[in-house]
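Chains as they are written, first to last, in the working numbering: chain A, 470 to 1079; chain P, 470 to 1079.
Bear in mind the hints are in silico, worked out from the structure with no lab data behind them. Treat the hints with care, as some may be off.
Chain copies aren't distinguished; within one or between two, either way the pair holds.
[As the list claims (entries may be wrong)] Keeping only pairs whose Cα atoms sit at most 27 Å apart, straight-line, the calculated DSS-like set for lysine-lysine is:
id : residue 1 : residue 2
1  : K542      : K847
2  : K764      : K472
3  : K850      : K472
4  : K691      : K847
5  : K472      : K748
6  : K516      : K1003
Protein chains: 2
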Amino acid sequence: MNKTNVLERGIGINYKKERSEITLWAPHAKSVELFMCDKNIALPLQKQQFGYWHTIHNINVGDNYYFILDGEKQLPDPASLSQPNGVHGFSQVVDLNDFRWTDRSWKNPALQDYIFYELHIGAFTPAGTFAALEEKLDYLKELGITAIEIMPVAQFPGARNWGYDGVFPFAVQNTYGGAGSLQHLINECHKKGLAVVLDVVYNHLGPEGNYLSSFAPYFTDKYHTPWGKAINYDDAWCDNVRKYFIENVLMWLRDFHIDALRLDAVDTIKDFSPKHILKEMKEYVDELIAATGHKHHLIVECDLNDTRFIDPVKEGGYGIGAQWLDDFHHSLLVAAGHDRKGYYADFNGIQDLAKSYRNAYVYDGVYSAYRQKTFGTKTDKNVTKQFIAFSQNHDQVGNRMLGERTSTLQSFEMQKLLIGAVMISAYLPFLFMGEEWSTPNPFLYFTDHSDRELIEAVRKGRKAEFAAFHLKGEAPDPDAEETFDNSKLNWDIQCIEPHKTMLSYYKTLIGLRKHRPALYSLIKENLYVKVNEKQNVLILKRWYNDEEILCLLNFSKEKQSVAISGSGEWYKLFDSASVKWRGPADAPEKVNKDVTLQPESLIIYTNKHV
Amino acid sequence: MNKTNVLERGIGINYKKERSEITLWAPHAKSVELFMCDKNIALPLQKQQFGYWHTIHNINVGDNYYFILDGEKQLPDPASLSQPNGVHGFSQVVDLNDFRWTDRSWKNPALQDYIFYELHIGAFTPAGTFAALEEKLDYLKELGITAIEIMPVAQFPGARNWGYDGVFPFAVQNTYGGAGSLQHLINECHKKGLAVVLDVVYNHLGPEGNYLSSFAPYFTDKYHTPWGKAINYDDAWCDNVRKYFIENVLMWLRDFHIDALRLDAVDTIKDFSPKHILKEMKEYVDELIAATGHKHHLIVECDLNDTRFIDPVKEGGYGIGAQWLDDFHHSLLVAAGHDRKGYYADFNGIQDLAKSYRNAYVYDGVYSAYRQKTFGTKTDKNVTKQFIAFSQNHDQVGNRMLGERTSTLQSFEMQKLLIGAVMISAYLPFLFMGEEWSTPNPFLYFTDHSDRELIEAVRKGRKAEFAAFHLKGEAPDPDAEETFDNSKLNWDIQCIEPHKTMLSYYKTLIGLRKHRPALYSLIKENLYVKVNEKQNVLILKRWYNDEEILCLLNFSKEKQSVAISGSGEWYKLFDSASVKWRGPADAPEKVNKDVTLQPESLIIYTNKHV
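Can you build the whole structure from these sequences, using the hints too?
Right, here's the structure in full:
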């Protein structure tokens, strides 16, 4: 294993005009050729150490090609940068260094400054392309978010997919606009002061168009994942599988100027190596940062409540920057009255929500009835900016049978309370596209497979999943184009009520979060929570220097009277029940003893006169 | 999950006369009864939390019983302490507290003082029982070893088995003499000043008589091991599987006064929990030590070259005391001329042996062609007494097709050199029964299954294994009684030559190791190795205070002349080629410049006049 050079692409085609490097890992092949489709010529590659094949040749951007193994198997490039005809077609030469970046003055902020906005390229705009998203950047900027998080864009089968069925980790989805178009989008984001987070999938590859096994042992049957064989991170031949994904990490950060990667479901990455692959990725990212001077973050989705992922390397952790915080979502939703089916069964409402405000994990070494085992670790040594909090995300919405958003499941007042609960937390806030105007249309699970058996299998799989939640009825057909179309955001209604008010509400709340030091400063020691279970009221205090912020959250459907402790006067900063947000009534501007909370409402007071 | 009480047995039958506690974990059962075979009565157990069933009853030692699940399934106790009729029969009540221990003055030594002697109860003596082994303790004491390491004794199918097919981890093999007889043996060992190490298997259960799955999800198909489904250490229901094995650890240490456990092949224990099961076992052992004041050690066999197992807990490790050091064995054997097939292919002889003397692992983060991946970690932070070195063990001998020992594979001179190489290392020395008199009979793989299909499968499996080493021909039938009989030690030949000389040689060498501070003190900084590859000569220097020890190892079949550096005179301490050990010639008693080494010989010099 040669060490990976962080500054240069080391696999697939590294375009350098007449000196382009062609590298393929195919340890069991007897011969490897590069077949140039247009010129109809096959160039032999030379065998190197560790099963690599290599040659240098004069090629052109836009050339279409296949690899030919053993003189007979014609296959697209596992490290293809472009699949213009989809996952089953030829690969195409791309020069990632061709794009003229003008984002030199961009500075990737610290994670503390991230306010995430998750979006799906296909469903975010009517056109469903990177270019169409560019048109919305001013809107997003004005909304107040600081980072867009793009659901996976690695080439997947067909034109419609959440992205988790990607099979060419290095190729940017052709129907979105491909690599150059993504670079252009990111450049625009940076110019406008928006960070870009990309969702990447290193735990499995999709079921259709996955040709990797024809080249090398990318998978192992030592471990099972929900999606079949696990990616081979620790079995024989793993070195170059690891290198493949490390090269992928480096490509996004180096060649696309991605600010942060969000690694999908890392709990299903099975790796008993002395150095876990995430730790190794982190080391390479650090090396890249040292070499270029540009900051980058790593974020994980992880269903383990195990801080080893985000603990510093010197304390035995993998050194990841932050992780999604499902326990906050689940306890928040149950507090809001969500039925306690499936994984929600483990959560009790505001007591658990209070614990999550304090400790991030609700399951921090206690028995989980849903998981049927003791679950989680303590977070005492972690800082709050390592956790990302949300009341909605693509999974929580889209994995419902009918893909209903909170907009159709909760009252208007409760929707305001939910995002309020997120914004006042000491965690990094996260929005899912469209929630800011309470868009009513669903976000459904959609695919565009060409294999009929697979289409049927996906349908059945979804059904089984819903059965776990005791849901009956028919789910929309994932493979139907209509299902995708129904999931596209409806921008037209932004300007009509009540959507217009909700949008304005979100802007105000985000603004408060960003500019009020006691909310913006993420110091867990400066935080106090208590609950009144009978009232279903949660009281959260946060402070910074001489400012104290008092947040009163009423999750009940009745008015509740709350006694306020402390000596001085409290001045109102924010009131979700205000008539200006179409609420029932405004709370007093100034209180010092008791306050009456409207049903499903949030009031924020400060000790400093506004 | 209730916390395990380290001082008292918490599962199966905890015998307390009329207040005996009966506890069974059977989370899916609708009813559980204890069926007393002799009285022909069924006592109902009451359901408790987490799938446990419990009752208190008046029972007698020696009572035979089954558990009955759901009124129909009659099964032996998963935590049975005795299976008088074998793995398919009833369980029997045992009172582990009945034995009168007289080993109060015994003090378990530090690992540094361990000189291991591995033995198989069935094959060590003609009778093949614990009682018969007691007759040999004086012999072992006189040999100079300080600890016997007993191959697994958990009840296995039939009367003949290495022990790794055990299916009742808490029951002591009936044909060896059962629990009381093992307690008696350990008491005798302690009275004679011998420590007792027990080999335990926590990575799988045997294929015959394994009734655990009838009770609860003890296994998971999330991971594959060489022996099928993995033990469920991290999946749903794992809490009580973990408890089961933790109770087992505690039983051996607390109720049998075992000094150290040797955990079999922990690399096949798959556990992604925040706290690895080995780390949790170590915590419980520490708690037991704190409660009783008796020291205990944990040792692992681990094929990962990963120090996380033996690193201290505060540095992110599992805190295990020591591990077997295969790389030393493999490089030593290749240095001795062993053919480089199978895993030996990775080793180059004395250069690798020198590295192993220095760093323990030869594969410490370098590419292994045999494993087809980068393998191992650095050992810079570990101490040498964490590694156990051997030139033979049950696996290295018994996993050969014909079970040949070094005694029939190497010359007499080379055998002396091999054990010499072990004894002069800074690691803990380890012997395999019979090597000390160069016993010529093999140690074969033997079983005694009752299932014909299984017998055939085992035969086939062995064949496939040998195929990996490119071995041809017929392996002895594992299930034939003759195979077992041929593996029993031949004690009669101890007193005839050349066995008598070998035995005397071992005693002298062990004595030297124990009493010469520069050899006994295991300080890796006080060690220097160099090799002359052309001569196939390795020079090892070790020192302590003002004593220096110079070891000259000639692995070649020719005489070699070696120049000795340093100013002063060197006095001979030991000479494997001496005519008193049936060698070709004695080296000079005193040297200061050059010395001629006999073929396949070891000379030890000291700078201090003897």
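These are the hints, each one checked on the structure:
1. For the homomeric pair K542 and K847, neither the shortest alpha-carbon distance inside one copy (52 Å) nor that between copies (42 Å) is at most 27 Å.
2. Proximity of K764 and K472 under a CA criterion of 27 Å is satisfied intra-copy only: 22 Å inside one chain copy versus 45 Å between copies.
3. Taking identical chains as interchangeable, the C-alpha atoms of K850 and K472 lie at most 27 Å apart only when they sit on different chains, with a minimum of 24 Å there against 33 Å within one chain.
4. Taking the shortest Cα distances, K691 and K847 sit within 27 Å of each other only across copies (26 Å), while inside one copy they are farther apart (30 Å).
5. In this assembly of identical chains, K472 and K748 lie within 27 Å of each other by CA distance solely inside one copy; the values are 16 Å within and 33 Å between copies.
6. Taking the shortest Cα distances, K516 and K1003 never come within 27 Å of each other, neither inside one copy (72 Å) nor across copies (33 Å).
The structure is inconsistent with the numbered hints 1 and 6, although it conforms to all the rest.
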